[in-house]
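Undergrad: Same order as they appear, the protein sequences are chains A, B, C and D.
Going left to right, the first sequence walks through residues 1 to 375 as my numbering numbers them.
Going left to right, the second sequence walks through residues 1 to 375 as my numbering numbers them.
Going left to right, the third sequence walks through residues 1 to 375 as my numbering numbers them.
Going left to right, the fourth sequence walks through residues 1 to 375 as my numbering numbers them.
Quick caveat, the hints were computed from the structure, so don't treat them as lab data.
Just so we're clear, the structure is a prediction, and the values are computed from it rather than from any experiment.
Note that beta-carbon positions come from the ideal geometry of N, C-alpha and C, so glycine has one too.
Misleading hints may appear alongside valid ones.
Per label pair, the in silico range of CB-to-CB distance [said to hold, decoys possible]:
(1) A/Glu-254 to D/Glu-250: 39 to 49 Å
(2) C/Gln-258 to D/Glu-306: 50 to 60 Å
(3) B/Glu-254 to C/Lys-237: 37 to 47 Å
(4) B/Asn-262 to C/Asp-338: 26 to 36 Å
(5) D/Pro-165 to C/Glu-279: 46 to 56 Å
(6) D/Pro-165 to C/Asn-262: 40 to 50 Å
(7) C/Ser-248 to A/Pro-165: 34 to 44 Å
(8) C/Ser-248 to D/Glu-306: 19 to 29 Å
(9) C/Lys-237 to D/Thr-100: 21 to 31 Å
Given next are the chains, with one letter for each unit.
Number of protein chains: 4
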Amino acid sequence: MTTTSVPVKTKQTGLLAGETKNGIGPGEKMKALLYFGPGKKSWEEKPKPLINEPTDALVKILKTTICGTDLHIMKGDVPTVSVGRIIGHEGVGIIEEVGTAVSNFKKGDHVLISCITSCGKCDYCKRGMYSHCENGGWILGHLIDGTQAEYVRIPYADTSLYHIPAGSDEEALVMLSDILPTGFECGVLNGKVQPGNTVAIVGSGPIGLAALLTAQFYSPAEIIMIDPDDNRLATAKKFGATQIINNSKENAIERVKQLTNNKGVDTVIEAVGIPATFELCESLVGPGGTIANIGVHGKSVELHLEKLWSHNITITTRLVDTVTTPMLLKTVQSKKLDSKQLITHHFKLSDIINAYDTFQNAAREKALKVILSNE
Amino acid sequence: MTTTSVPVKTKQTGLLAGETKNGIGPGEKMKALLYFGPGKKSWEEKPKPLINEPTDALVKILKTTICGTDLHIMKGDVPTVSVGRIIGHEGVGIIEEVGTAVSNFKKGDHVLISCITSCGKCDYCKRGMYSHCENGGWILGHLIDGTQAEYVRIPYADTSLYHIPAGSDEEALVMLSDILPTGFECGVLNGKVQPGNTVAIVGSGPIGLAALLTAQFYSPAEIIMIDPDDNRLATAKKFGATQIINNSKENAIERVKQLTNNKGVDTVIEAVGIPATFELCESLVGPGGTIANIGVHGKSVELHLEKLWSHNITITTRLVDTVTTPMLLKTVQSKKLDSKQLITHHFKLSDIINAYDTFQNAAREKALKVILSNE
Amino acid sequence: MTTTSVPVKTKQTGLLAGETKNGIGPGEKMKALLYFGPGKKSWEEKPKPLINEPTDALVKILKTTICGTDLHIMKGDVPTVSVGRIIGHEGVGIIEEVGTAVSNFKKGDHVLISCITSCGKCDYCKRGMYSHCENGGWILGHLIDGTQAEYVRIPYADTSLYHIPAGSDEEALVMLSDILPTGFECGVLNGKVQPGNTVAIVGSGPIGLAALLTAQFYSPAEIIMIDPDDNRLATAKKFGATQIINNSKENAIERVKQLTNNKGVDTVIEAVGIPATFELCESLVGPGGTIANIGVHGKSVELHLEKLWSHNITITTRLVDTVTTPMLLKTVQSKKLDSKQLITHHFKLSDIINAYDTFQNAAREKALKVILSNE
Amino acid sequence: MTTTSVPVKTKQTGLLAGETKNGIGPGEKMKALLYFGPGKKSWEEKPKPLINEPTDALVKILKTTICGTDLHIMKGDVPTVSVGRIIGHEGVGIIEEVGTAVSNFKKGDHVLISCITSCGKCDYCKRGMYSHCENGGWILGHLIDGTQAEYVRIPYADTSLYHIPAGSDEEALVMLSDILPTGFECGVLNGKVQPGNTVAIVGSGPIGLAALLTAQFYSPAEIIMIDPDDNRLATAKKFGATQIINNSKENAIERVKQLTNNKGVDTVIEAVGIPATFELCESLVGPGGTIANIGVHGKSVELHLEKLWSHNITITTRLVDTVTTPMLLKTVQSKKLDSKQLITHHFKLSDIINAYDTFQNAAREKALKVILSNE
């Protein structure tokens, strides 16, 4: 989830209301991070959530993290988040309790929480488009209370949680809640990265780096990373980029032309979300190639069909479906993917205000992803 | 080919020059339609072309037609067409002579001429992207002399001509030179039309109708045709559209919402080529759907990524590759495709000036495609 | 389901036991067809089933049918069916009651029952392989009581039932419980039928005819039907076969060679299930082609790899997943598929013993599918 | 090419005859390895070949190798090889001369020779099935003279040769003539190897190892190598196998069950070519999985459809098309593939009789592939 402007699902209002009424217990308390309007957040006591529907699970958070989207929420950019909402849509935890219809999980199971809630039974879920689930989608830390808390209620637990294999590095798996499936599904799969191909990634932030890491599953010949920040490019190099271009200092279009014999690249992954970077992608893609958009755009962009109409290109957009989570779990377990590289900082969950401060100043702090531990 | 602004392939200049020098014989003469600058054309005598390369064939034209692109050329919209060029890139004919390296064809063979010249040996041809052939592509009636003539030289004959089965209706096959593969490849295949799906086609001109005819190969549940002209929509209905919408009279977006339970369509085919119609497509496509562009655009369009970034959509562009010509030939032969429906008028080739007049006034004349016969 | 030997899912024993204990009410009664060992069946009174799990639905049967598999069960060929089991896995009905976790359906909804039970939350269901569902698969009328009864309990109702649109012909939809998805998924989709291609179908019984009907979604140029029975071939011709071959009278291999210029066909669909017909398929498939097996085989077959190893062919097997049911519903509604053609006889449900007699003597009775109505 | 029994293309007889008549010069001589019937071969003088068709190239061999198929030829297993034939279908060299219709290559170019000759203009070539080229296919060192010689004539040079980039390691590229595209296309691509999947490869000879190397392009979680030879398994381990099973010592089926939670593997690659190994593959593949056959089979195998009919599996066969050669060249250049690991021995071309001796005793000599240099 890297959102500046997000889709409003009015249908969830009911669920939201239901949750407010019934999903929170009268008795027990916990601590959580609450959004109180633009610029205002607070780590404070809240009632511990309860099982609300037979398909719910209650999860005790072990590790969570902060997403770029959470920063947008905190700035007030996501109007569908109401005041008082608990933020956060990533994490791993332990099952405390399950509803009567939950059969895949039981108390004590270690689980990975998906940022996308999937009911498993609407048309979109059946097509693998969990992001558009008619009863879920991105609701955690958005339309219902989220994971930056000691406990979280997870609807449709059977299809929204994943078992963590014994002996796993749980911090590494927090990266599978959102950022890695986002880079992989929206960037790499949609971009049809193939062995021997040439890939350009515009944007070397956490999400671009997630695309870089997972693009290597398919052994492209070249991965060209483009960003205006030398630090981020150095990280990209360390993570496997074969070429880096600082586009504040050199002409990325000319460099890519040189690197590709004037043919352009097979896949361009947009990992920023502004008109200038999308238009750069349009200039980098070669005939027959694909532009896979990951960036969350707040404005329309100019699509140069007067040039591209005859170039046999494909442009894709996607909100992460997390349909590849089982596949990604196997790649982490088999050490094909070292997701832990994305983690730069560690905090106690109770120290979350400081964690936000670090993450917000990512350039200064050289921060990628932070881990918050509920100890 | 339905082109207002076309890609210039400067690499073909050499070929062009070569052809001017060697490809035209000193002795025999023929008649042909020549472009003499914006608004000026003439049916006049020219030297009959000669075999120029061992891979060439010389074809006597039997039937040809006029394309929307030819009208653009005649208006001066295609600056890469030089004065004196013979126009036309469609037709069927008889082989007169072949070069020493041609092995698939011999004198006397009846052949379908593809609008796209494919060398069969560059990287793009090997990938099936004949439109981007490094030695061909769209050159006929553009960078080299074309088919609105009594004879035409066809480079790379083995990979740019197709045998016409005995007993075929040759007029029906003229529709396979360009318009049907264009509608099929750029619209239907790129649009991933599937059984049971809902398809919208924006633009009910010849190219939109070609998409309509070939979309039915895949048995979609609904094909919604959108155009501001009632006559064209009536034709669409006759050709198999299940719904028609006159968007000069009613709100196409609202109608499509009603027809699709507010979900939008699975495939939208853009068959016009202006910003307004492309933006209409953006409003019609549902989550998980595809916009397949066929239209030739002279200007950039506004892509509403602020809305579409999270809708899991695909946008494709394509210059026809004619890679499906063998498949289309089989569908015509087996009567799965009645391509002759597109033909509304007949002329003698020598009467081509009148044929242009009719085709140019398509609305008044209720013209779709005209056939010119070299009798 | 066209089964002579079926996969035993011992894991369902628990579910079976559970169902015996709790799924049947003490009070109300209904009539049902029971299997009492090889050759013995009876239409008799049984307790009406009850909701057993929160994900169950109780359905009142409106229409059901008999499958070739049911004949095998009655002969004793399916040892996993216990004595006393209610047979049947197809039908349409009305929801009587739903469990607390069912959200897609409510009392009074008209529903199509899928022959495959899908839990929607195991790994196989997430991959669209409902046939291998770890909690379902083919269990109806096999490991749990089935649809040849006045009422049936449907586990995992949300993902195993489908809404019937108002105004539908419900008899036509009974064909979507099993036979049409089987022909389509196992034969047509696995066989990659494409526009312009040549398809051979070996076996012109109900399942071969279901493949024939649904193959036409993709507009192949030729569909060659092969069977030793002239009546069945006449039906195939009426249903759209372009060529018919009676292989008891003529050499099918030679005829197909003639029809395909010695190239063989692109797709062969095996719809019988014996070694001789499978080996026939091996002789009919051309280089690059596919053999899609639908037939239920009781013995191994000889695979001529000494010839086929270099022919670039594909062989597929599949137990129907019914993952295309939503697509098929749309094709029936939009009249792209006239599934009713498969129905030849009608009986009252209470007259089921006679219906079995007719269906068992299909050749004599010219029977394809029979409809049993619970009036 | 790893062939015991090969497809006879009688259509090439003409070409063969043509070549005998015109393709060999009267004057210049060269040295070559000739087949003189079962068990008889000789390194002797032959006329140097000449350009025969305008599409031919004459190549001076720099490096070549010996294939398992060559051993079969020498034993007399390939009856389509006539006495006096020059053997060999792999190698790199320098262009000496090209025919008048060759445009991709010129004298002096360094080239990779494909084991498959592709005309680029028949139906099969257009579909990417070069192995079934109507004018080529596997003819080198089979139906026409091959590469174990100082010079070789290459028909359809434009579509059967590949440029070697300056600075390449040419020995590494000899592995791209046959063995690596064979392992990759027939095993890995047909087997649909995917990130996170489990792959078993039966047979750890050169071809199984080629599959092992190229399977890693797709980052499967596990690659299980099965072979009765510990040495070969040790090599497999070094080349990236995650599990090795000596099936002369342990039960491979049981071990694979343990390793896969009784689910079976996603992809099994058959790289031996005998009934026992193919049947082993049938026992290893899980529901939804694929058996990709590479092995050259001399006999039919038993296909257990009585079990597999309902397992949703796919079986593929393929003669290498070398359609992925451009992709593989990029993976070698970008160091994603270290093809040189397959080379164990070096000889002078003139020492080819000793090279055969070593290669024939692969187990004793621990030989994988040998390089023969024409110095």
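Undergrad: If a hint holds in the structure, say so; if it does not, say that too.
TA: Here's how the hints hold up against the structure:
1. A/Glu-254 to D/Glu-250: 39 to 49 Å: For A/Glu-254 and D/Glu-250 the Cβ distance comes to about 59 Å; the hint is violated.
2. C/Gln-258 to D/Glu-306: 50 to 60 Å: For D/Glu-306 against C/Gln-258, whose Cβ atoms are near 34 Å apart, the range 50 to 60 Å is violated.
3. B/Glu-254 to C/Lys-237: 37 to 47 Å: Cβ of B/Glu-254 to Cβ of C/Lys-237: about 46 Å, so the range 37 to 47 Å holds.
4. B/Asn-262 to C/Asp-338: 26 to 36 Å: 29 Å, holds
5. D/Pro-165 to C/Glu-279: 46 to 56 Å: 48 Å, holds
6. D/Pro-165 to C/Asn-262: 40 to 50 Å: 42 Å, holds
7. C/Ser-248 to A/Pro-165: 34 to 44 Å: 57 Å, violated
8. C/Ser-248 to D/Glu-306: 19 to 29 Å: 25 Å, holds
9. C/Lys-237 to D/Thr-100: 21 to 31 Å: Violated - the Cβ-Cβ distance for C/Lys-237 and D/Thr-100, about 54 Å, lies outside 21 to 31 Å.
When the structure is compared with the earlier hints, violations turn up for hints 1, 2, 7, 9 and for no others.
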